[in-house]
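Chemist: Just so you know, the protein sequences line up as chains A and B, in that order.
Under the numbering used here, think of the first position of the first sequence as 1, with each following residue one higher.
Under the numbering used here, think of the first position of the second sequence as 1, with each following residue one higher.
Quick caveat, the hints were computed from the structure, so don't treat them as lab data.
Glycine is no exception: its CB is placed at the ideal position from the N, C-alpha and C atoms.
Simulated pairs of lysine to aspartate or glutamate, DMTMM-like, Cα-Cα distance not exceeding 20 Å:
1. A:Lys-42 with B:Glu-144
2. A:Lys-4 with A:Asp-65
3. B:Lys-26 with B:Glu-227
4. A:Lys-13 with B:Asp-150
5. A:Lys-66 with B:Glu-70
6. A:Lys-55 with A:Glu-82
7. B:Lys-132 with B:Asp-171
8. A:Lys-13 with B:Asp-151
9. A:Lys-4 with A:Glu-51
10. B:Lys-194 with B:Asp-159
11. B:Lys-194 with B:Glu-70
12. A:Lys-66 with B:Asp-55
13. B:Lys-194 with B:Asp-121
14. A:Lys-13 with A:Glu-74
15. B:Lys-160 with B:Asp-185
16. B:Lys-113 with B:Glu-144
17. B:Lys-73 with B:Glu-36
18. A:Lys-42 with B:Asp-55
Counterexamples of contact, computed for chain B against chain A with all Cβ distances above 10 Å:
19. Asn-19
20. Pro-28
21. Glu-30
22. Val-32
23. Asp-43
24. Glu-78
25. Lys-131
26. Lys-160
27. Ser-161
28. Ala-213
Covered stretches of chain B (chain A as the covering partner; in silico rule of three or more C-beta atoms under 8 Å from a C-beta of chain A):
29. 51-61
30. 100-107
31. 142-150
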Amino acid sequence: MLFKATINATLRKSVLDPQGQTVLHALESLGFKDAKNVRMGKFFEITLNAESKTKAETAAREMCDKLLINPVIEEYSFEISE
Amino acid sequence: MRAAVIVFPGSNCDTDCFNVLRDVMKTPVEFVWHKERALPKTDLVVLPGGFSYGDYLRTGAIARFSPAMEAVKKHAAEGRYVIGICNGFQILLEAALLPGAMLRNRSLSFICKPVWLRVEDTSSSFTSHCKKGEVLQIPIAHGEGNYYCDDAALKTLRDKSQIIFRYSSRDGRVTDEVNPNGSRDNIAGIVNEKRNVLGMMPHPERASEEILASVDGRRIWESLLGELK
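Excised from the complex, chain A in its bound form:
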């Protein structure tokens, strides 16, 4: 069965995000005074073949842990859909 894994990777809260800071300053200078914080990250959409949703979850987690995410600076969450 084909599943779609949507994976969000963000910098850990303890890690400064210079890109996010720069975007926040740009938003402020454009007059978006309500913007208080910006954190940037990465988004992956992976189509994968698996026997079940549980197996697709396991596969997605392994992909994150082995390659997609660097746990020193990043954390992730994901969803699996059919």
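Since the structure of chain A is already known, use the hints to place chain B on it.
Modeler: For chain B alone, coordinates are given in the frame of chain A:
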């Protein structure tokens, strides 16, 4: 001493490293394509600078899975020497041969300029010909050299004298103003606990010949040659 320079798709300082080792330091050196599963007989492995795999995903993240990296890990585990320069440092971090990770420079700019480095430790084989506190001029050229590690890892690096180079002023003062990229604790280069693997963002191979602005990079090659004679 014999040396091997690993060439990844996107490496661009491989030839400079090769040239300095062969023509300046008079050391036998060869290139090793990243697809090789075994290394030639060598004392030193050089992971050169560049943009391996286009820096896609994260700097060094894909190069660490190259077949040659398994051989490099084995070489390091046997206590032999590895130096990773710039992208080579990033690959060593991704391969977990050194602790920590790289973030974008805090200015978000690619920075290419000569900087001053204070030698923090001379007990490593990479700096045995330097004096503690000596200041070297070596250029940097990177967009992601903002070294990060958590508090516990930083404490270990300090306690075990694994910080080898810090960004400093010309007279050796380590301050935030002379930190070019936002690295924690002004870190420019570290070794592993066994002290046989060095990662550094500055490029000693670009400061090893009189025709260039500085020959301070030679201190590192001379230290290694002295150890491995």
